[in-house]
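**Q** Spelled out, the chains give:
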Amino acid sequence: MKQMKLVFVFPENIVEEPVTYHLIADYGVRVNILRASIDPGKQGRMVVELVGEEIQISQGLNYLESVGVLVTPLAKEIRHLDDRCTSCTSCVPHCPTQALEVDRESWNVSFDPEKCIVCFSCLEVCIYQAMSVEEQLA
Amino acid sequence: MAKTIEEINAKIRSGKVVVFTAEEIIDVVQEKGVKQAVREVDVVTTGTFSPMCSSGAFFNVKQPKEKMKLGGGFATLNGVPAYAGLAAADIYVGATAIPDGDPRNSNGRPGKFRYGGAHVIEDLVAGKKVLLRGGGYGTDCYPRKTREQMVGLEDMNDAFLFNPRNCYQNYNVAVNLSDKPIYTYMGKLKPKLGNAYYCSAGQLSPLFNDPYFRTIGIGTRVFLSGAEGYVAWPGTQHNPNAPRLKNGTPQTPAGTVALIGDMRQMTTEWLRAVCYTGYGVTLSLAVGVPIPILDEDMLRSVSITDEQLKAPVVDYSEFYPTGQGEAKLGEVTYKELKSGSIHIKDQDVPTGSFSSYALARKVAHHLKQLIQDGDFLLTQFQAPFPGAVIEKETAK
Chain A
1 MKQMKLVFVF PENIVEEPVT YHLIADYGVR VNILRASIDP GKQGRMVVEL VGEEIQISQG
61 LNYLESVGVL VTPLAKEIRH LDDRCTSCTS CVPHCPTQAL EVDRESWNVS FDPEKCIVCF
121 SCLEVCIYQA MSVEEQLA
Chain B
1001 MAKTIEEINA KIRSGKVVVF TAEEIIDVVQ EKGVKQAVRE VDVVTTGTFS PMCSSGAFFN
1061 VKQPKEKMKL GGGFATLNGV PAYAGLAAAD IYVGATAIPD GDPRNSNGRP GKFRYGGAHV
1121 IEDLVAGKKV LLRGGGYGTD CYPRKTREQM VGLEDMNDAF LFNPRNCYQN YNVAVNLSDK
1181 PIYTYMGKLK PKLGNAYYCS AGQLSPLFND PYFRTIGIGT RVFLSGAEGY VAWPGTQHNP
1241 NAPRLKNGTP QTPAGTVALI GDMRQMTTEW LRAVCYTGYG VTLSLAVGVP IPILDEDMLR
1301 SVSITDEQLK APVVDYSEFY PTGQGEAKLG EVTYKELKSG SIHIKDQDVP TGSFSSYALA
1361 RKVAHHLKQL IQDGDFLLTQ FQAPFPGAVI EKETAK
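As given, the protein sequences belong to chains A and B, one line each in that order. Oh and the first sequence: position 115 is 115 in the working numbering, straight run, nothing missing. Oh and the second sequence: position 170 is 1170 in the working numbering, straight run, nothing missing.
Chain A on its own, in the form it takes in the complex:
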């Protein structure tokens, strides 16, 4: 058995396709919907956990691709908790991509999630627990 968390993005034209039904009924994959936002006529997004045999899951994913659903693995994301951060800068030399940076005028530390590669370095070195790791469900 295999288990994985994925993000499905549906283009507008297939939002009304019952893809979850097909995954379950045609491929025997167990689908656990963790979060979904789907409006008829608009692009939709769904975070799911799939459980099934490897072959079932890969066939199911081929089906999704064939109908135009964009499938990406669920990423973890790092959050910077402003109210816990004291801008001490202890994270700065450990961040490999300068996602955590200090403005040397204001001395405030800021976090750019776009630059973050989720290496977890900051989690280990922040003494104020101002960095947290969360699954990217939004």
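Treat the hints as calculated values from the structure; they're not laboratory data. Keep in mind that a hint or two might mislead.
In silico lysine-lysine, BS3-like type, Cα no more than 27 Å apart, as pairs [unchecked claim]: (1) K1328(B) / K1192(B); (2) K1335(B) / K1032(B); (3) K1035(B) / K1011(B); (4) K1065(B) / K115(A); (5) K115(A) / K1190(B); (6) K1338(B) / K115(A); (7) K1362(B) / K76(A); (8) K1190(B) / K1338(B); (9) K1362(B) / K1128(B); (10) K1338(B) / K1362(B); (11) K1032(B) / K1112(B); (12) K1112(B) / K76(A); (13) K1011(B) / K1338(B).
Since the structure of chain A is already known, use the hints to place chain B on it.
**A** Then chain B, alone, in the frame of chain A:
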């Protein structure tokens, strides 16, 4: 034309006092010159916000109806052991205490240290209750033998921080020369000079601004994490004999202060528990010391800049722990440290700090505001520190 502390306090009371932070004063002196600025400026405020391990709190816990002697027995707060070798109801919780049986470095390196004495102190300051467990042997006057009760600051007769050593005047810059990462009280140090950590507010740091303890002594009133605190004594390891630069500031860790202050006046904005991976728990505190500008020498002291302050670079993989190897890898200015990179052994080494300059600035501004509003008066110390040079240059 010397000023006295009484004259400055009179100006504070009448709302006419002129105050700058130790950062602002640099430009003021540069613009106006010492001679003019000394006539105009009365007080310069300093500030720091940083982990200060040698901190802790005394509590006197209200007795239950059937009284109990914790003294000679034991006490824990949320599982964190407190020192109970005092009278019946007095206990002391050190910032770095951790619960017995807490997984530490022995149990999968590096340990995480999620809760300790500092957290007990922060929880109480935040208005939370913690679980007091006590045990004693029972006496005729204190018959109760066990106690288990949720207690907050309202359940204490007294609760005050009493910190044996705070506000180090200068500190080492920590690096790692070895080929594996190490976890220290100066943070995670990457191998082969992968990074460097410093821990001082530099030009805003209280004791850097009064290098010879002319105005800071026993009894000096300070800002301590939201409370009006006091210098109780020279701090432990206070060393006025450290080597000094020509400008009078020490080149190695030197003076320290023991501070005391009422926990009920403190807030979690200025007091935070911290966890160092692989090292332990400790407490970050905000300290601000106002410096009366008595004369030109005092003004020169407080207008010192990061460029004029130097710290030693020390290897924490060998020299610091074992005393073996190279004692000092070099000396760098705080300006270099704050630029984000220093040069050691032909290598550019990225820097980070554990002392928050952003919050140090906030402390200095907060104290400035308190003084301008007439809510904080300056004090004449009751006794000087060892090594204080009170009349140093005034005779000249």
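**Q** When you check the alpha-carbon spacing of K1035(B) and K1011(B), does it fall within 27 Å?
**A** holds, 20 Å
**Q** Going straight from one Cα to the other, do K1335(B) and K1032(B) come out at no more than 27 Å?
**A** holds, 23 Å
**Q** Against the 27 Å threshold, does the CA-CA distance of K1065(B) and K115(A) hold or violate the hint?
**A** violated, 61 Å
**Q** Is K1190(B) close enough to K1338(B), meaning Cα to Cα at most 27 Å?
**A** holds, 19 Å
**Q** Are the Cα positions of K1362(B) and K76(A) separated by 27 Å at most?
**A** Since the Cα atoms of K1362(B) and K76(A) sit roughly 34 Å apart, the hinted pair is violated (cutoff 27 Å).
**Q** Hinted pair, alpha-carbon criterion (27 Å max): K1011(B), K1338(B). Please report holds or violated.
**A** Status violated; Cα separation ~36 Å.
**Q** Hint check: K1112(B) vs K76(A), CA-CA at most 27 Å. Holds or violated?
**A** Distance ~21 Å between K1112(B) and K76(A) Cα, so the pair holds.
**Q** Can you confirm whether the C-alpha distance between K1328(B) and K1192(B) stays at or below 27 Å?
**A** Holds: K1328(B) and K1192(B) sit about 16 Å apart, inside 27 Å.
**Q** For K1338(B) and K115(A), compute the direct alpha-carbon distance and say whether it is at most 27 Å.
**A** holds, 23 Å
**Q** Is K1032(B) within 27 Å of K1112(B), Cα to Cα?
**A** Roughly 51 Å separates the two Cα atoms, so the pair is violated.
**Q** Run the distance test for K1338(B) versus K1362(B): straight-line Cα separation, threshold 27 Å.
**A** holds, 18 Å
**Q** Would the hint linking K115(A) and K1190(B) be met if the CA-CA limit is 27 Å?
**A** holds, 22 Å
Of the hints listed earlier, those the structure fails to meet are numbers 4, 7, 11, 13, in rising order.
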